[in-house]
Amino acid sequence: MISIKIDTKEFSVDEGMTILEVARKAGCKIPTLCHKDGIPHYTSCMVCMVLDKRTNNFIPSCSSLVQPGMDIDTSGAEVLNLRKKAIDLLFTEHRAECEAPCRVVCPAGYNIPLMNRLLGSEDLTGAKRLYSSGLNTPFLWCWNCPGYCENACRRRKIDIPVSIRNLQIFNSGETIPPDSEPVQKPQKVKKRFSSFTGVLDPLELSEWVKESDKENIRHRELSDRFSAAAEARSCMHCDCRAAGDCRLRDVAEEFGIKDTGTKIVNAPALRKINPATNLIFENAKCIKCGLCVRICEDKTEEPALCFINRGFISIISEPLTDNFVDVLRTRAKDCIEICPTGALSCYKGNPSDEIKK
Amino acid sequence: LHFKKLTTNRTDTVNSKCECQEKSAPDIAGIIEEVVRQIGTEKDKVIPILQEVQKRLNWLPSEALKQICRITEITPGQISGVSTFYSQFRHIPAGKHTIRICQGTACHVKGANLISDAFRRVLKIDTERNTSPDDLFSVEEVACLGCCTLAPVVQIDDKTFGHVKPTEVDNIIAEFLHHAANKKKVKDVVDFSTGSAEIRIGLGSCCVAGGSREILSEIIEVREKYDLDVKLKPVGCVGVCNQTPLMEIITGENKHSRYTNVRKGEAEDIILKHIKPRSLNKKVKHRLNDLIDTFLSDNKIYSPVNAPEELREKVLNDFLKKQFHIATDKSGILSPESLDEYLLLDGFKSFRQCMRLSDKQDIINTIMESGLRGRGGAGFPTGKKWEIFSRQKGSQKYVVCNGDEGDPGAFMDRMLLESFPYRVIEGMLIAGFATGAGRGIFYIRAEYPLAVARIRNAIKQCYTAGILGENINGSGFDFNIDIFEGAGAFVCGEETALITSLEGKRGTPHIRPPYPAVKGFRDMPTLVNNVETLVLVPWIIDKGPAAFNSIGTEKSKGTKVFALAGKIKKGGLIEVPMGTTIREIVEKIGDGVAEGRRFKAVQIGGPSGGCIPESLSDTPVDYEELARLGAMMGSGGLVVLDDSDCMVDMAKYFLTFTHKQSCGKCTFCRIGTKHMLNILTRLSEGKAEISEIIELESLCLSVQKGSLCGLGKTAPNPVLTGLKYFREEYEEHTRGICRSKRCMTLLRYDINDKCTGCTKCSQECPVKAIPFLPYEQHVIDQEICTKCDNCRIVCPENAIEIVNLNDQY
Numbered sequence: 055m056i057s058i059k060i061d062t063k064e065f066s067v068d069e070g071m072t073i074l075e076v077a078r079k080a081g082c083k084i085p086t087l088c089h090k091d092g093i094p095h096y097t098s099c100m101v102c103m104v105l106d107k108r109t110n111n112f113i114p115s116c117s118s119l120v121q122p123g124m125d126i127d128t129s130g131a132e133v134l135n136l137r138k139k140a141i142d143l144l145f146t147e148h149r150a151e152c153e154a155p156c157r158v159v160c161p162a163g164y165n166i167p168l169m170n171r172l173l174g175s176e177d178l179t180g181a182k183r184l185y186s187s188g189l190n191t192p193f194l195w196c197w198n199c200p201g202y203c204e205n206a207c208r209r210r211k212i213d214i215p216v217s218i219r220n221l222q223i224f225n226s227g228e229t230i231p232p233d234s235e236p237v238q239k240p241q242k243v244k245k246r247f248s249s250f251t252g253v254l255d256p257l258e259l260s261e262w263v264k265e266s267d268k269e270n271i272r273h274r275e276l277s278d279r280f281s282a283a284a285e286a287r288s289c290m291h292c293d294c295r296a297a298g299d300c301r302l303r304d305v306a307e308e309f310g311i312k313d314t315g316t317k318i319v320n321a322p323a324l325r326k327i328n329p330a331t332n333l334i335f336e337n338a339k340c341i342k343c344g345l346c347v348r349i350c351e352d353k354t355e356e357p358a359l360c361f362i363n364r365g366f367i368s369i370i371s372e373p374l375t376d377n378f379v380d381v382l383r384t385r386a387k388d389c390i391e392i393c394p395t396g397a398l399s400c401y402k403g404n405p406s407d408e409i410k411k
Numbered sequence: 002l003h004f005k006k007l008t009t010n011r012t013d014t015v016n017s018k019c020e021c022q023e024k025s026a027p028d029i030a031g032i033i034e035e036v037v038r039q040i041g042t043e044k045d046k047v048i049p050i051l052q053e054v055q056k057r058l059n060w061l062p063s064e065a066l067k068q069i070c071r072i073t074e075i076t077p078g079q080i081s082g083v084s085t086f087y088s089q090f091r092h093i094p095a096g097k098h099t100i101r102i103c104q105g106t107a108c109h110v111k112g113a114n115l116i117s118d119a120f121r122r123v124l125k126i127d128t129e130r131n132t133s134p135d136d137l138f139s140v141e142e143v144a145c146l147g148c149c150t151l152a153p154v155v156q157i158d159d160k161t162f163g164h165v166k167p168t169e170v171d172n173i174i175a176e177f178l179h180h181a182a183n184k185k186k187v188k189d190v191v192d193f194s195t196g197s198a199e200i201r202i203g204l205g206s207c208c209v210a211g212g213s214r215e216i217l218s219e220i221i222e223v224r225e226k227y228d229l230d231v232k233l234k235p236v237g238c239v240g241v242c243n244q245t246p247l248m249e250i251i252t253g254e255n256k257h258s259r260y261t262n263v264r265k266g267e268a269e270d271i272i273l274k275h276i277k278p279r280s281l282n283k284k285v286k287h288r289l290n291d292l293i294d295t296f297l298s299d300n301k302i303y304s305p306v307n308a309p310e311e312l313r314e315k316v317l318n319d320f321l322k323k324q325f326h327i328a329t330d331k332s333g334i335l336s337p338e339s340l341d342e343y344l345l346l347d348g349f350k351s352f353r354q355c356m357r358l359s360d361k362q363d364i365i366n367t368i369m370e371s372g373l374r375g376r377g378g379a380g381f382p383t384g385k386k387w388e389i390f391s392r393q394k395g396s397q398k399y400v401v402c403n404g405d406e407g408d409p410g411a412f413m414d415r416m417l418l419e420s421f422p423y424r425v426i427e428g429m430l431i432a433g434f435a436t437g438a439g440r441g442i443f444y445i446r447a448e449y450p451l452a453v454a455r456i457r458n459a460i461k462q463c464y465t466a467g468i469l470g471e472n473i474n475g476s477g478f479d480f481n482i483d484i485f486e487g488a489g490a491f492v493c494g495e496e497t498a499l500i501t502s503l504e505g506k507r508g509t510p511h512i513r514p515p516y517p518a519v520k521g522f523r524d525m526p527t528l529v530n531n532v533e534t535l536v537l538v539p540w541i542i543d544k545g546p547a548a549f550n551s552i553g554t555e556k557s558k559g560t561k562v563f564a565l566a567g568k569i570k571k572g573g574l575i576e577v578p579m580g581t582t583i584r585e586i587v588e589k590i591g592d593g594v595a596e597g598r599r600f601k602a603v604q605i606g607g608p609s610g611g612c613i614p615e616s617l618s619d620t621p622v623d624y625e626e627l628a629r630l631g632a633m634m635g636s637g638g639l640v641v642l643d644d645s646d647c648m649v650d651m652a653k654y655f656l657t658f659t660h661k662q663s664c665g666k667c668t669f670c671r672i673g674t675k676h677m678l679n680i681l682t683r684l685s686e687g688k689a690e691i692s693e694i695i696e697l698e699s700l701c702l703s704v705q706k707g708s709l710c711g712l713g714k715t716a717p718n719p720v721l722t723g724l725k726y727f728r729e730e731y732e733e734h735t736r737g738i739c740r741s742k743r744c745m746t747l748l749r750y751d752i753n754d755k756c757t758g759c760t761k762c763s764q765e766c767p768v769k770a771i772p773f774l775p776y777e778q779h780v781i782d783q784e785i786c787t788k789c790d791n792c793r794i795v796c797p798e799n800a801i802e803i804v805n806l807n808d809q810y
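Top line first, the protein sequences correspond to chains F and V.
Quick note, the first sequence lines up with residues 55 to 411 if you use this note's numbering.
Quick note, the second sequence lines up with residues 2 to 810 if you use this note's numbering.
Calculated from the structure, these hints are not laboratory results.
Don't take each hint at face value.
Said to hold, decoys possible - A few chain F residues that don't get close to chain V, going by computed Cβ distances all over 12 Å:
{"#": "1", "residue": "Arg78"}
{"#": "2", "residue": "Lys79"}
{"#": "3", "residue": "Ser129"}
{"#": "4", "residue": "Asp142"}
{"#": "5", "residue": "Ile212"}
{"#": "6", "residue": "Ile223"}
{"#": "7", "residue": "Thr229"}
{"#": "8", "residue": "Glu258"}
{"#": "9", "residue": "Arg301"}
{"#": "10", "residue": "Pro322"}
{"#": "11", "residue": "Thr331"}
{"#": "12", "residue": "Glu351"}
{"#": "13", "residue": "Glu356"}
{"#": "14", "residue": "Asn363"}
{"#": "15", "residue": "Glu372"}
{"#": "16", "residue": "Lys387"}
What the hints assert, rightly or not - Chain V regions said to be covered by chain F (calculated; three or more residues, Cβ under 8 Å):
{"#": "17", "stretch": "138 to 147"}
{"#": "18", "stretch": "652 to 663"}
This structure is a prediction, so every number in the text was calculated from the model and none was measured.
Glycine residues also receive a C-beta, built at the ideal position from the N, C-alpha and C atoms.
Sequences and hints are given; from them, build the entire structure.
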């Protein structure tokens, strides 16, 4: 047995326990990103930092074993500042939006990307349900709106934007515009934290567009469900598929982080899709926690994701010798579940779940 | 005495590489099968396999990687992770010859980036493919070639060029191609036949780069020509790297005559001055030639032969006087390739002494009493480490010699391994014997081929002599040593990263505890000691702890080896007692900075250390004292800076290095160093605001606190010491001023009225930015100028100035 102090309280614990385990038992809340119980630790995110007051060293609690005489501080100002700095730094690398730009600027806060996904998959009932659940105004604003959403549409940078207002009007099923003043400027709708993608390279943009345009012809006139579906499919899905289930976002909200929008680029933001396993990998969202690599380490017969390169440019990737569609044939679901961000998520998503949230 | 005939493996490996190149379609599957059969199929063999495959194919095609996965236990994930982590491995084909441009600290301060630009420009090599259009040359910017005293250094295949100027690139390439085409087999075979006189010639990497191999073949020719009765002996590094090649002649009466800076063509005169030909006929012929020469040319007068002995020796004595040799004991005497000689000069005496002791604990106590601390940088007490390690139980315990010296501007370990391989082995044996370990591993950088070859040769000889192997000297003690070649990752100098690398994984560090001494390589207790630490052990055992203890300061005992380089008159490898002040090193040993320049600072400890300003240079060399100033002992690189070096540029240089070498595991080191580098880059371009300096400082402190391993924790040191001692320089950069004229974006080249219109600059300009105007003052077109520095080098009138962009014409 070892006796240590956590936040000035004395504890007597077994040798071989980590500080995190002891602290959790003691009721201290320590955020973690790269740690998952039962999986070998990797000590990457440094969000779980604590201070050992005895040596005045900051140590990651998830993997540091308890040592006799430790005097741990889990919530001092210095500790919180360092954690905040770690999250700040992670966000400068995390080039992605939690909420799509069109939705962020929408005065009514419509969930535009989700509507597009539903319409695109010709799920008209789902789309209709979303429309009725998402409305917080008595009438559809799109009739009189100057189109902030279409202005913000990322597609606009290299192409004509998705005709979001037409899609929304089509989805509402209403035909006569309401008799009211046009919307002048976005009203503040209380929103959750959202990070930014920052400036995207034209090359990256064209990659994204290519992906949404596969065998798709766009329609400006939305006469029927098919033309609406085609137009909806041209949406680039700038929002995050895991926006409701993202530990990084939770931690950011907990610490009151503001994404300043200054981003550094370590690799082109690409989307790799495996339709067979319903898996999408977006490297720009990855925080290199290595969880997906570690859970596959015990099973070596099928190609799994791995780290490539070194240092700042190190990324998660399929092994050099394999194609992305060959990796994670059976473990895709586990990887999606364990990913603390939206870097690995369901390609098709699960729209009905999102509405419930 | 029976000395064996020896050959060095170095040229052989280079040749085999070239042959593979010439094969049109290599049989990949066949080659890989052969390599795997030779090395093994286990997971931890991945690095040696990749190294061997690359040696044969010159690069790693993806079919080769797939094939390796097919026939071994190595998984695709592991192989792609490992092959992209280490910088040695290439995934695109390289040219026939590789040009390695040293980016070490000493080379950097002497303008290595201009050299690299010049090579790329002349050979039309772009950054993407890195190979010239004719597939003849590839360019590689390497962290350090360890020839810091010859800076800037360029190595093309196995030929090293020192003091390179950007205007000389054409000549260098021509010379290399000429050399490659008429490659004479340099006589590497050196016989140890006895003779009445002895000639010693340094064959350390620096000496070889300085041309000692040519001198050696000249000596052999002279010996044959005059049938001289002399013995030839190649010796390791003497440390006087600024005066290479070094030659020493010992004549019968035990009289030593040393010559520095021996040039081609001088060897004959020097030898004949001291050693007379045996036959009368040749004696007369030589005398006659000599006499005629004296009348016909002036060469004789300036020849080193005629220099008075005091003057000749003074250079060496000044350099060596302040030093104290423990690690480098008997430098210039010991041949690095002869075990017999090492044995004759008390080699392995300490080890025998240890074996006679009844209690192994006595050895550990001796080391503990001596106060020896780890020479890798952090300074953990070695005795304590041994004590902890010896108490561990394990079916196999390992001693690892850490020779992964990656610091730019440091070459101590390389030199110790090259010059004193037997002493390192002895230190390792003592460590193994004292702590009950049965296996030793040398982890040596692959960039040090000569060190690897010498250690390999030494181990082989030790096995033959029964010093290594099973049941050594009938004591029941078994000890086996293997060599592991690193693959180019600075972070692997960190002990936990080194062990993961040994296990065939990406060399990422992990958290301690568990310490490697408790749970390390293959989960067994592993003792990781630096080369220099191990090299000191035999001396301590032999002379006793008190002898070691009496040297140095209160907390730092013994001596420290430094690689002294940079803007200094006499650089080299020095060993000084702890507590020697920095000023003594710079002014007494190094003879100060060049004329007309002002000593500004020393950069100590490489990328983990910091810059200590001249005003604090009375600080003694001591672990605690240096840490107090914000620097660090590090592994011992000591680069002297003068007033033409910019502190922002230095910080940027080191951050570029650490950011490239970071393993990318933890957030602070991976992203934090990148942000620091971005701010420093903006500063050096004059784009940063004053508020960004404060941001930089706070970022530095966070990275220092929050990083996982030593690399990240010490990476901000160069910036923090810069901000502490040279803050005004940082602030000036926000106003677009670089007082040292180093940050090129803030500067421009100008021609002043000293110009005589000789048109040299116009002819040399690679981009035609200077119109050809004979007898008129030339003008530089600032729009076209690429600031390559060529014009300034060729100008005979010093008419070309570098001025701040903001200054008026």
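> Among the hints numbered above, which are violated by the structure, and what are their numbers in rising order?
Replying inline: 4, 12, 13, 14, 15, 17
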